[in-house]
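Undergrad: Sequence:
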Amino acid sequence: MTRDDSDDMVKSVDDLREVLGVVSEKVPGLLRGLRDVLYSVEAAEGMAGAVATFYKKLVDAGIPREDAMDMARGYMINLRDIVRGKGFDLGGVIRKEREREEES
272 MTRDDSDDMV KSVDDLREVL GVVSEKVPGL LRGLRDVLYS VEAAEGMAGA
322 VATFYKKLVD AGIPREDAMD MARGYMINLR DIVRGKGFDL GGVIRKERER
372 EEES
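For the sequence shown, our numbering assigns the number 272 to the initial residue and increments by one for each residue that follows.
What the hints contain is simulated information worked out from the structure, not anything from laboratory work. Among the hints, erroneous ones may be present.
Here are the computed lysine to aspartate or glutamate pairs in the EDC-like style, where the Cα-Cα straight-line distance is at most 20 Å [as the list claims (entries may be wrong)]:
| hint | residue 1 | residue 2 |
| --- | --- | --- |
| 1 | K328 | D338 |
| 2 | K328 | D341 |
| 3 | K327 | E337 |
| 4 | K327 | D338 |
| 5 | K327 | E373 |
| 6 | K327 | E372 |
| 7 | K297 | D307 |
| 8 | K327 | E316 |
| 9 | K297 | E316 |
| 10 | K327 | D307 |
| 11 | K297 | D286 |
| 12 | K297 | E373 |
| 13 | K297 | D285 |
Use the sequences and the hints to build the structure in full.
TA: Below, the structure is given as structure tokens:
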């Protein structure tokens with residue numbers, strides 16, 4: 272390896288270290304902010320409204336109430352899973368952030 276190659280490698284490592292430092296500093300705050308938005312009173316009201324509208328539309332379309340309730344329950348579970356990160360876990364980032372917060 273030449274001296275220039277070695278210098279380039281050190282520069283690349285330093286650049287990577289800087290980027291990872293910024294990411295590790297910023298991502299937890301972004302995740303907390305996202306969590307706060309998803310678990311706010313407004314988010315709960317919006318989710319409840321979405322489920323209620325879904326149920327009402329099913330009943331209005333002629334679906335028996337019991338079947339509509341089962342479908343609305345399934346819809347609610349799917350929304351909850353997405354909100355909790357099961358739909359897009361970003362490689363375990365959300366779970367790891369939750370674990371980190373629980374340890375604090």
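Undergrad: Confirm or reject each hint.
TA: Checked hints:
| no. | hint | result |
| --- | --- | --- |
| 1 | K328 to D338 | holds, 12 Å |
| 2 | K328 to D341 | holds, 14 Å |
| 3 | K327 to E337 | holds, 12 Å |
| 4 | K327 to D338 | holds, 12 Å |
| 5 | K327 to E373 | violated, 38 Å |
| 6 | K327 to E372 | violated, 38 Å |
| 7 | K297 to D307 | holds, 16 Å |
| 8 | K327 to E316 | holds, 16 Å |
| 9 | K297 to E316 | violated, 29 Å |
| 10 | K327 to D307 | violated, 29 Å |
| 11 | K297 to D286 | holds, 17 Å |
| 12 | K297 to E373 | holds, 19 Å |
| 13 | K297 to D285 | holds, 18 Å |
Comparing the model with each earlier hint shows violations of hints 5, 6, 9 and 10; every other hint is respected.
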